[in-house]
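Listed here are the chains, written in short residue letters.
There are 2 protein chains.
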Amino acid sequence: MPRTKPSPKWRSGCPLNASIEMLGDRWSLLIIRDMMLGGARTFKEFLGSREKIATNILADRLRRLEAYGIITMQRDPGDGRKVFYLLTRKGIDLAPVLTEMVLWASAHERTENQVLVREMQKDKLGFIAAVKKRCAEQTELLAKSSTDSHK
Amino acid sequence: MPRTKPSPKWRSGCPLNASIEMLGDRWSLLIIRDMMLGGARTFKEFLGSREKIATNILADRLRRLEAYGIITMQRDPGDGRKVFYLLTRKGIDLAPVLTEMVLWASAHERTENQVLVREMQKDKLGFIAAVKKRCAEQTELLAKSSTDSHK
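Quick mapping for you: the protein sequence lines, in order, are chains A and B. Okay, so the first sequence: first residue is 1 according to this note's numbering, each after it adds one. Okay, so the second sequence: first residue is 152 according to this note's numbering, each after it adds one.
Read the hints as simulated data drawn from the structure, not as lab findings. Hints may contain errors.
Claimed, not checked - Computed footprint of chain B on chain A, listed as stretches where at least three residues anywhere in the stretch have a Cβ under 8 Å from a Cβ of chain B:
{"id": "1", "region": "50–63"}
{"id": "2", "region": "84–94"}
{"id": "3", "region": "106–116"}
Here the structure is a predicted model, which means the values were calculated and not measured. Cβ atoms here follow ideal geometry from the backbone N, Cα and C, with glycine treated the same way.
Between the sequences and the hints, there should be enough to build the whole structure, so can you do that?
The following block contains the structure:
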């Protein structure tokens, strides 16, 4: 895949370490979860998460995720003052990571959302493929509508 | 699976959130990586990681990982003043999470250790099974040798 920007400096060349530097905090993966599984796209929607992220932390994490190329910010086609966020291909490719983290926790801890967990357990690859397809369609649709409004 | 201890209080019932609360920091998964892939077992071996973890952070993370039941501390059978750390079943079950994080970063960033990455890409399930088997054998062997020394 073409790489137009130089990679940021990581603490080491280990790919796991690179993942951790991008995602290893208490909030980034929750934002990605809300986009990927909950269809959240706006600042207000992210603020509504059950874990009650603070506005300053949310703003910081959105900036970081955008800088890492995991999400992209778009102007609302109908109202240029409004912005929304979409997962990039790189962000969408996190579906297997999130799925394995959900399966691990649900196997070893008392957690909720057993309907989702059973769906993952029943057909993990099918679940991941469906999530990726839905996210990609949403990204394409919104990117298209944004382009259309500028014609 | 029997649960003898109550789960800690999470920010929400979401299983992804539980994973993040246990692992969502800049160091815990690197310690698990060093145990899982590098065979590290002692404080000194963890300190030798390429990312240069500080001693106080390492001590804190080992305590946290033990409290979450991801690793277990054992006395060295030959010298009771020495301790070493082993992955529990719960810790070993993180192999798919680490694998997906490695594959994701190596697909989207410039990273090293391409031999390992190719091995994962070629046969992901086989790789995970082999890692789990090796860790389980190590845990059993060391636990056995620890028990033997107390007979």
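Evaluated hints:
no.	hint	verdict
1	50–63	holds (count 3)
2	84–94	holds (count 3)
3	106–116	holds (count 8)
Checked against the numbered hints given earlier, the structure satisfies every one of them.
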